[in-house]
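Q: Chains as they are written, first to last, in numbering that gives the first Met the number 0: chain A, 0 to 283; chain B, 0 to 283; chain C, 0 to 283; chain D, 0 to 283.
Check each hint, because a few of them may be wrong.
Example chain C residues on the side facing chain D (calculated, C-beta under 7 Å, incomplete) [to be verified]:
1) 122
2) 211
3) 277
Rather than coming from a laboratory, the hints here were simulated on the basis of the structure. Remember, predicted model here, so these are calculated numbers, not experimental data. Cβ atoms here follow ideal geometry from the backbone N, Cα and C, with glycine treated the same way.
Number of protein chains: 4
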Amino acid sequence: MTRTYRLLISCPDASGIVAAVSQFIAREGGWILEANHHSDPVTGRFYMRNEIRADSLPFGLEEFCTRFQSIADELKLDWRINDSGQPHRVALLASKQAHCLSDLLYRWRSGDLSMDIPCVISNHEDLRSFVEWHGIPFHYVPVDRDNKAVAYQRMKELLAEYTVDTVVLARYMQIIPPELCDLYENRLINIHHSFLPSFVGAKPYHQAYDRGVKLVGATCHYVTEELDAGPIIEQDVIRVGHNHLPEDMVRLGKDVEKTVLAHGLRYHLEDRVIVDGRKTIILD
Amino acid sequence: MTRTYRLLISCPDASGIVAAVSQFIAREGGWILEANHHSDPVTGRFYMRNEIRADSLPFGLEEFCTRFQSIADELKLDWRINDSGQPHRVALLASKQAHCLSDLLYRWRSGDLSMDIPCVISNHEDLRSFVEWHGIPFHYVPVDRDNKAVAYQRMKELLAEYTVDTVVLARYMQIIPPELCDLYENRLINIHHSFLPSFVGAKPYHQAYDRGVKLVGATCHYVTEELDAGPIIEQDVIRVGHNHLPEDMVRLGKDVEKTVLAHGLRYHLEDRVIVDGRKTIILD
Amino acid sequence: MTRTYRLLISCPDASGIVAAVSQFIAREGGWILEANHHSDPVTGRFYMRNEIRADSLPFGLEEFCTRFQSIADELKLDWRINDSGQPHRVALLASKQAHCLSDLLYRWRSGDLSMDIPCVISNHEDLRSFVEWHGIPFHYVPVDRDNKAVAYQRMKELLAEYTVDTVVLARYMQIIPPELCDLYENRLINIHHSFLPSFVGAKPYHQAYDRGVKLVGATCHYVTEELDAGPIIEQDVIRVGHNHLPEDMVRLGKDVEKTVLAHGLRYHLEDRVIVDGRKTIILD
Amino acid sequence: MTRTYRLLISCPDASGIVAAVSQFIAREGGWILEANHHSDPVTGRFYMRNEIRADSLPFGLEEFCTRFQSIADELKLDWRINDSGQPHRVALLASKQAHCLSDLLYRWRSGDLSMDIPCVISNHEDLRSFVEWHGIPFHYVPVDRDNKAVAYQRMKELLAEYTVDTVVLARYMQIIPPELCDLYENRLINIHHSFLPSFVGAKPYHQAYDRGVKLVGATCHYVTEELDAGPIIEQDVIRVGHNHLPEDMVRLGKDVEKTVLAHGLRYHLEDRVIVDGRKTIILD
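With the rest of the complex left out, here is chain A (with noise of 0.2 Å):
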C-alpha cells in the first residue's frame, strides 16, 4: 500500500482556497492521488480533502505541518493530516453479541481495515477466547448498577495506557458516559440496531416489529451525550415483512449492523470524516 498523507481541511467558504491549497502541494512536487470537495451553500462552509503521496514530497510529515501552518493561518483553515503509515489505534467494546467483534476482527486480520487493535475490553468473559486467539489482548470490565464510575475509570485508564485514538462499540450494550464521549469527541463510534432516528433506545427491533415498518436498518454513527443522536456516518437498511419475527429481525438485522459499522468506520480509519454540528460529511 502507497503511504499515503491525508490532508482534511474545513473553512469558510471563499474563491482561491483549492487554488492557494494546490498550489501550495504542488510546488513542493506533492502527488495528489485523490481530491475530494464540498461547498455547503447552506452552511457557507467549505471542506476538502487531499491524499498525497508521501514520497513525492521531499520532506516529512512534521516539515509538511510546518509549512502548511501559514497558508492555513492567512486563509483561516481548522485542518488536520494524518500519514497512512500511523494506523488508527482501535479500541473494540463489546459485550456478549459477537457479530459486529467477529466481522471487524476478520477484516482486521485479512488487512481489509487498515488499524491496529492493541486491545478488546468486555463487560462480560464470553468473548475471551475469540479475542486471545487473534493474539490481542481482552480486557474483562464488568459494569453493573453500582460499580459504573469504578467500571469507566479502569476503562479510561487502559484505553490511556492502549494510547488509543478510536473506540468503537461493536454492540457494547453499556451506555457510554458523558466524560467518555467527551473525551473521545468524534472517535467514538457506535453501531445502532435501527435505522436512526426511528426508534431509539433499547429494543429497536422490537420497536420495529410493532409498528410494522417493511424495512429495518442499522446506523453508525458518532456517540454524544444524547442518546443516539450523534452524526450520522453510515446506514442501511433491509427488507423485512409480515412473517418476520422481532428475533428473526435481529438476526436478519446482523448483517446490516456489522456491514455499517464496518463502511462506517472505514470511512473514519481513512480520515475521510469531517464533524459538522450534527452531521458528517464524507469525503469519499
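Fit chains B, C and D to the known structure of chain A by using the hints.
A: Just chains B, C and D now, with coordinates in the frame of chain A:
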C-alpha cells in the same frame, strides 16, 4: 388476463383450516392459481389468500359465497372475496405535484395496474388538463381554512356518486377528516415522503436534512385518524449524502414515492392486504 | 427451537392436491407452522412445502413416511421430508481466503445457521488454526496439476467418512470433478463472485472492471458439470464506480459474497429449495 | 437555478494540474460551486469537473474559452465547457412502449430534468397524442425491412433541422445504423432492459427467466456500433423470484428502466460524463 376470485381469510389459528377450505374448493373443481398462508405465532391468528380461476367453478360468485358461508360459520372465519373481473374503483386525490399522479395514470392507461379511475379530485386546477387528456373527469374542490367542512362534504358526495371503493392520496397535501378516514377504512391510501416512523408531518425531507441521515424514504400506508400512523403497506429508501440539499432530497425522493405508492396500491388492488390492528399482512 | 418436519412436494399441477395433503396432515392432528405453494403455469408443475410441528403428530417420522406414501403414490408426488432435529451435515471447502469461511463459522457457532460442520477441507494450510480453534477437524488435501485424481478420491473418502450430506465451496478455488458434482447433486453449493451469467470463470472482478459496470455481485448456486451454470439459489449486487480498481471490487465484493452465500445456504438448510431443471424454486 | 459553466478536463496525470486550473479560475474571481477530480492509476489519466458560477466571472463564455486555451495548450488538456443556461437539445426516439417516454416527459415538464425537447420521433403513431399534448412536435418515421436507408436519412435530417445535440432511445426498438452512432458519438443514449453484459440483444427478460436469475436490471449506455456494448452510464437491478413469469419481469423491469434512464440522462445533461474508451467517468 384470466378472471379469478380472490378469497381472503383471517381467523384464529387451528389445525384443519387449510384442509377444510381447500377441500371445499377442490370438491367444486376449483383451480387454485395461487395460495398464500401465514400463521402469526404472536397473535395466534391465521391468514390465507386463495386465487381461484373463475371458469373452473360450476357457479358464480354469489353461489360461491352462499356455499362458503357455512364453512366460514363453522370455522369462525373472517373472510371476503373479490372478483378480478370487477376492478376496484379508485379515486385519485392530488394537489399540485404531478409525479405520483402522472405515474399512476401511466400505469392505468398501459394496463400495468388493473383498476378503474372514475375521477380525479384536486384542491388546485393545475393538473386538470393532464387528467382530462386521459378522458377522466377532474373535479376542483378547493380547501381553505374556512371551508373545510363544505369541501369535505363535497368530496364525500363525489366519492359516493362515482361509487368509489378506494381513495388514493397521490401527494394530496391536505389532512383528511376523521369521518372520511372511517368511511374508507383500509381503503384510503396515502404516500408519505419519509421512512415512517421517522419524520412524521410536514417537510420530512427538511427534517431528514437537518438530522443528516444517509437514506431517505417513502411509506405507503392506510390512513387513520392519527397522522402518518396508519398500517404500513410498503416502504423503500434511497441513498443521499452531505451534498444533497433538501431540494435534492425532494427531487430524489419523488422516484421512491411514486414506486412505493404504485407497489403498495398494487397489493391493495390485487386483494393481497389484510389489516390486523396497526399492521398489514401482505399475502404475496 | 421447535422441532419440525419439513415436507417438500413437487408434482404435475392438478385440482385437489392441497386438499388431499392438508387433509392427511389435519387428520393426524398435525399443526402446520408454515405452508408455501407455487404453481408454475409454464411447466404445469406444482410445488409445496409444509413445516409441521413434530410434537403435534402422534407418531414419528418413519410412520409419517409410511402413511404418506400411499397419498404420494395416488397423486404421483415427488416428495421428501426432513427433520429439523437432524441438522444437515455440511462440509466446508476453502482455499486461502477467509471471508466466507469466517462468516459461516460465526453463524454456526452463534446458532444463526442450524447445521453440523463435521469437517473443513482445504487445499492450503492457512486456515487450519482458525478452524481448529472452533473444534472442527481440518483436513489439508493439496490439489495440483498432477495429483487431481488422488486428491478428489481423498476428498470423496473424507466426505463419506464424515457422512456429509451437503458440501459448501466457501471460495474454494478448484474446479470440482463431474463425479463429485453428480454424487452431491443439488447438495454442492458454490459462491461465485459475479452476478451470473455475467463474468463466468476466473477473475470476474477484473472482467467487471474492464467492462465498466456500475454494479458487481455474487451468485450462490448448485454446482453442475458446466462451469458456473448450475441452478441459482441467491444473488445480490453492490454499487461500484469509476474510482474502484479491481482490488477495490474484490474487497467490496466480499461483503456481498458472504451474505449471499449465507442466505443461499440458509434456504438449503431449512429445506426450502426445490431444483427444477436449471432453476430453483425457493419456498420461503 | 444559478447559471453555471461546467468545465470538463481530461489529461495525462501530472503534478500541478489542479493548481494551474484552480489558480486560473481564482485569478478571475471565479466561484467554484462544485469540483470533482479523479486520477486513474491504471490508465494514468486525470479527470476534472469544475462547476463555476457564471456571474462570478467578469466575462462571458467565449472570453473564458479564449483565455483558458493557453493553459490547456500548455498542460495538454482535453477539455470542453458547457453553459447551464444553454440546456441540451434532446430528441426522444420511442416505439410503442410509453413508460420511459412518459417518465422523461414528466421530468421535463416539472423541471426535474433541465433540457429542451425539440421533437419526438417514433416508428409508430401510438404515442402521438400524448406527445402533442405536451406541445412537442411528433414525427412518425416508419422503419421496415425495405426502407431503412430512407428512414434513417429522414431521421438524420430531422435531428439536423432541430439542431439536436443529444438523442435518447426511450425504448426505441430499432437498431441504429453505424453512421448515426458515429454522428452522435457519446451523445446517443440507450436504455437496455438487462443488467449488461448479461442478456444482450432481444427479449432479455425471457433470457433472464430461462436462466433463473434472482435479480433483473437495466443499463443506460452510450450507443456504439457494437450491439449493447457501449460505455455504461448507469445500471440498477430489482429482485425477482421463481413466481415471476417473463411478463412479470417485463412489468417490474419498467420501473428500473425508467429510473436508470433518467439518472443516466441527468449525468449527461449536467455534463458529468467523460467517456474513456469503453468506460465512463461520472464526475458527481
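Q: Indicate, hint by hint, whether the structure satisfies it.
A: Hints, one by one, checked against the model:
With its C-beta approaching chain D no nearer than about 30 Å, residue 122(C) sits outside the 7 Å limit, and its interface hint is violated. Restraint check, residue 211(C) versus chain D: the minimum CB separation of about 3 Å is within 7 Å; hint holds. With a cut of 7 Å, the hint placing residue 277(C) at the interface with chain D holds, because the nearest CB-to-CB distance is about 6 Å.
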